[in-house]
Amino acid sequence: MEVLKMISINVNDIFDKMIGNENEIIIKRENDADDLILITAKKYNEILEELKRLKYWEEIDKRIENVKAGKGQFHELIEVDDV
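Here the sequence shown is numbered in the working numbering, starting from 1 and rising by one per residue.
Possibly wrong hints are sitting among the right ones.
To be verified - PhoX-like, lysine-lysine: derived pairs with alpha carbons at most 20 Å apart:
# : residue 1 : residue 2
1 : LYS62     : LYS52
2 : LYS42     : LYS52
3 : LYS55     : LYS43
Derived by calculation from the structure, the hints in this document are not laboratory data. Computed from a prediction, not measured in an experiment: that's the story for all the values here.
Let's have the full structure, built from the sequences with the hints guiding it.
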């Protein structure tokens with residue numbers, strides 16, 4: 001028969017440690033389950049913004065590689081007279 005361990009955590013203690021803390025809090029698990037990470041909403045939003053920037057630049061790099069591989073289309077810009 002498997003014995004379950006019960007762990008009691010005061011959530012307020014965790015929140016108190018998070019206030020003013022720019023670092024993440026890692027909750028290690030004793031079993032094979034993944035560890036948990038707590039971060040502030042500010043840090044989470046910063047991570048999301050950085051991911052958006054990286055995806056943007058990855059798309060630009062992909063387009064550059066396509067052009068280098070001869071898969072791009074080039075168009076000339078022309079001026080038209082005002083009507």
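Evaluation of the provided hints:
no.	hint	in the structure
1	LYS62 x LYS52	holds, 15 Å
2	LYS42 x LYS52	holds, 15 Å
3	LYS55 x LYS43	holds, 18 Å
Hint compliance for this structure: every hint is met.
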